[in-house]
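There are 2 protein chains.
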Amino acid sequence: MQIAILLYPGFTTLDAVGPYETLSRIPGAETVFVAERPGPHSNELGSLTLVAEASFDDVTRPDVLVVPGGPTGNLPLAHEPVLEWVRAVDRTTTWTTSVCTGSLILGAAGLLKGRRATTHWLAMNHLASYGAEVTGERVVTDGKYVTAAGVSSGIDMGLTLVGRAAGDRAAQSVQLLIEYDPQPPYDAGSPEKAPADLVAEWRERRGVA
Amino acid sequence: MQIAILLYPGFTTLDAVGPYETLSRIPGAETVFVAERPGPHSNELGSLTLVAEASFDDVTRPDVLVVPGGPTGNLPLAHEPVLEWVRAVDRTTTWTTSVCTGSLILGAAGLLKGRRATTHWLAMNHLASYGAEVTGERVVTDGKYVTAAGVSSGIDMGLTLVGRAAGDRAAQSVQLLIEYDPQPPYDAGSPEKAPADLVAEWRERRGVA
Numbered sequence: 001m002q003i004a005i006l007l008y009p010g011f012t013t014l015d016a017v018g019p020y021e022t023l024s025r026i027p028g029a030e031t032v033f034v035a036e037r038p039g040p041h042s043n044e045l046g047s048l049t050l051v052a053e054a055s056f057d058d059v060t061r062p063d064v065l066v067v068p069g070g071p072t073g074n075l076p077l078a079h080e081p082v083l084e085w086v087r088a089v090d091r092t093t094t095w096t097t098s099v100c101t102g103s104l105i106l107g108a109a110g111l112l113k114g115r116r117a118t119t120h121w122l123a124m125n126h127l128a129s130y131g132a133e134v135t136g137e138r139v140v141t142d143g144k145y146v147t148a149a150g151v152s153s154g155i156d157m158g159l160t161l162v163g164r165a166a167g168d169r170a171a172q173s174v175q176l177l178i179e180y181d182p183q184p185p186y187d188a189g190s191p192e193k194a195p196a197d198l199v200a201e202w203r204e205r206r207g208v209a
Numbered sequence: 210m211q212i213a214i215l216l217y218p219g220f221t222t223l224d225a226v227g228p229y230e231t232l233s234r235i236p237g238a239e240t241v242f243v244a245e246r247p248g249p250h251s252n253e254l255g256s257l258t259l260v261a262e263a264s265f266d267d268v269t270r271p272d273v274l275v276v277p278g279g280p281t282g283n284l285p286l287a288h289e290p291v292l293e294w295v296r297a298v299d300r301t302t303t304w305t306t307s308v309c310t311g312s313l314i315l316g317a318a319g320l321l322k323g324r325r326a327t328t329h330w331l332a333m334n335h336l337a338s339y340g341a342e343v344t345g346e347r348v349v350t351d352g353k354y355v356t357a358a359g360v361s362s363g364i365d366m367g368l369t370l371v372g373r374a375a376g377d378r379a380a381q382s383v384q385l386l387i388e389y390d391p392q393p394p395y396d397a398g399s400p401e402k403a404p405a406d407l408v409a410e411w412r413e414r415r416g417v418a
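In order, the protein sequence lines correspond to chains Z and A.
Everything in the first sequence is counted per my numbering, starting at 1 for the first residue and increasing by one.
Everything in the second sequence is counted per my numbering, starting at 210 for the first residue and increasing by one.
Simulated from the structure, these hints should not be mistaken for laboratory data.
All clues stand as given, with none of them false.
If the Cβ cut is set under 7 Å, some of the chain A residues that face chain Z in the computed set are: (1) L254; (2) G359; (3) D390.
Here are the simulated distance ranges between beta carbons: (4) Z:K113 - A:A297: 56 to 62 Å; (5) Z:S55 - A:E342: 46 to 52 Å; (6) Z:T92 - A:R296: 50 to 56 Å.
Under 7 Å between C-beta atoms, here's a sample of chain A residues computed to sit facing chain Z: (7) E230; (8) P249; (9) S256; (10) V360; (11) S361; (12) D365; (13) A380; (14) Q384; (15) Q392; (16) Y395; (17) A397; (18) G398; (19) A403; (20) L407.
Computed from a predicted model, the values in this text were never measured in an experiment.
Glycine included, C-beta positions come from ideal geometry on N, C-alpha and C.
With the rest of the complex left out, here is chain Z:
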């Protein structure tokens, strides 16, 4: 089982690492970071550099595709080499997945038309513009397309997919080994739970209605 995680300049780190830390623990799985240009890739904040070892030519038939997100301006939404590779590998994947605004890349590639999908709470309208039926759920499955909400939701998506690929016991093993027993010190992890004025502030800052 080959798991391909797409990298591009300005990605959000945990979007990639949440699925990585769970999926790559599937017994026998091979995980590979793939980019148009192999080599070091700086994240959205510029203070973390992750290396893509493989090029698009190196990875042509992954079983699982993971597309992380990032700030909208960083996304390769009109960059054909990325969209073409995504469309090409999607033809043979078992699962095509995204975290956060990674679903906008799937949308721009034309893969989410008429499909139920999700994204970061600040990008819902943008995702809908690609013809997706956008939901507020944390992990959304429509056929082989699995999309997750903002950043940290990739851990929940990863565990869900470990269960589907390798069974409940394998997923429980991964959860136990990464000690994923979340105890957030605040309860502000969604626009429904966070203080309303904080949600409004971020909508305004990001220019989202």
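Use these hints to put chain A onto chain Z, whose structure you have.
Relative to chain Z, chain A alone:
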């Protein structure tokens, strides 16, 4: 505010990235990955490479030190250059922190004697061997020493520290932006919650009594 995250060959990725994704969002914070030898560092699984931009000489007075863990055999527990740097920067940190078995490195450096601390559930006895008073809590604070349990607990620790450093509203902002509203599909994230036979299996595999 400078946040230094230690890297060494064979670290566990999410141990480093959980605190990174939260702490580096503190307004005005500068985050830097530091290693004895700057450059690419392969993680425990060998399929992810993160770059340390700074050497020990480059980072001598960070405000926050974050020490990620890894499989015990990968830890620099008897490697004096690492332990010396950890002890040296600890003299002036505001917080000295660890995730998972990173606390064993703090212990080996002699920083946890008589202090309340925690680690990955499979490493409790090992941590106690350094004179720490080991607890089963997810995030443990003793003075300026903040230690977190296994792997994913670094997200909870990071949010806790964002709150202490920048206030509750800043921490809630970070939680909202990374959409940290965990919904694990299983409930096996601690040895108390996971199936008993699975816990026993992992204790046996790792040779832990």
